[in-house]
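Please work from the sequences and hints to get the whole structure.
These protein sequence lines map, in sequence, to chains A and B. Take the first sequence: its letter number 38 is residue 38 in my numbering, and every next letter is one higher. Take the second sequence: its letter number 50 is residue 1050 in my numbering, and every next letter is one higher.
One or more hints might be untrue.
[Stated by the list, open to error] List of simulated lysine-lysine pairs, DSSO-like, C-alpha gap at most 30 Å:
#, chain 1, residue 1, chain 2, residue 2
1, A, K11, A, K71
2, B, K1061, A, K44
3, A, K44, A, K62
4, A, K44, A, K83
5, B, K1068, B, K1049
6, A, K44, A, K71
7, A, K44, B, K1068
8, B, K1049, A, K44
9, A, K44, A, K78
The hints are simulated quantities; they were obtained by calculation from the structure and are not laboratory data. Computed from a predicted structure; not experimentally measured.
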Amino acid sequence: EAGVAQSPRYKIIEKRQSVAFWCNPISGHATLYWYQQILGQGPKLLIQFQNNGVVDDSQLPKDRFSAERLKGVDSTLKIQPAKLEDSAVYLCASSLVGLAGGFTGELFFGEGSRLTVL
Amino acid sequence: AQSVTQPDIHITVSEGASLELRCNYSYGATPYLFWYVQSPGQGLQLLLKYFSGDTLVQGIKGFEAEFKRSQSSFNLRKPSVHWSDAAEYFCAVGVYNQGGKLIFGQGTELSVKP
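Here is the structure:
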């Protein structure tokens, strides 16, 4: 079974530039997550999709970050304009949704996209 | 609000020695609890999870964890550490409404001395 695919693995940009990250979840996984992991910290949830609808984006800095999941499959996370503090690894994860919408408990993570903002 | 605390930022153990990584959580209901491991340049991999039932759960790579409700803890243990266990370990609590999500602790970096 193929895992969660992310690209690019590494990106270096100047502040105020824009960047986009792509994620393809495991086939059949209805729920998709974007987490931000700053060096030395645990992953922080940015946005959660179930199929193509947003479930939780309460910690997404909406003035500069946007995300979409067209057709309920792959997803794109965009940052525009980037700030120095956006330097982090952006992790995509996916999970199954259990019967009656229940949480099955396991998230499958991609290898992440490392962003450096200069 | 839900939260997870891992009190130890960095731990060093000798190869063959036992290991215990601490995790404390704050959650209003019965928690779903997880331990993930992250090797350098890799994504997070699930080691084990607790949903209900037996409070001692077994995971992959010889790891186990014990849920203690009275202490709000879910500590990870391994009786004999191998050099390949050097990695970052994250404890997480599952919030299981609206499809579910994980809230992570800040992580504990494990170094293994030969």
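Verification of the supplied hints:
no., hint, in the structure
1, K11(A) <-> K71(A), "holds (26 Å)"
2, K1061(B) <-> K44(A), "holds (26 Å)"
3, K44(A) <-> K62(A), "holds (15 Å)"
4, K44(A) <-> K83(A), "holds (17 Å)"
5, K1068(B) <-> K1049(B), "holds (14 Å)"
6, K44(A) <-> K71(A), "holds (25 Å)"
7, K44(A) <-> K1068(B), "holds (25 Å)"
8, K1049(B) <-> K44(A), "holds (19 Å)"
9, K44(A) <-> K78(A), "holds (16 Å)"
The earlier numbered hints are all upheld by this structure, with none contradicted.
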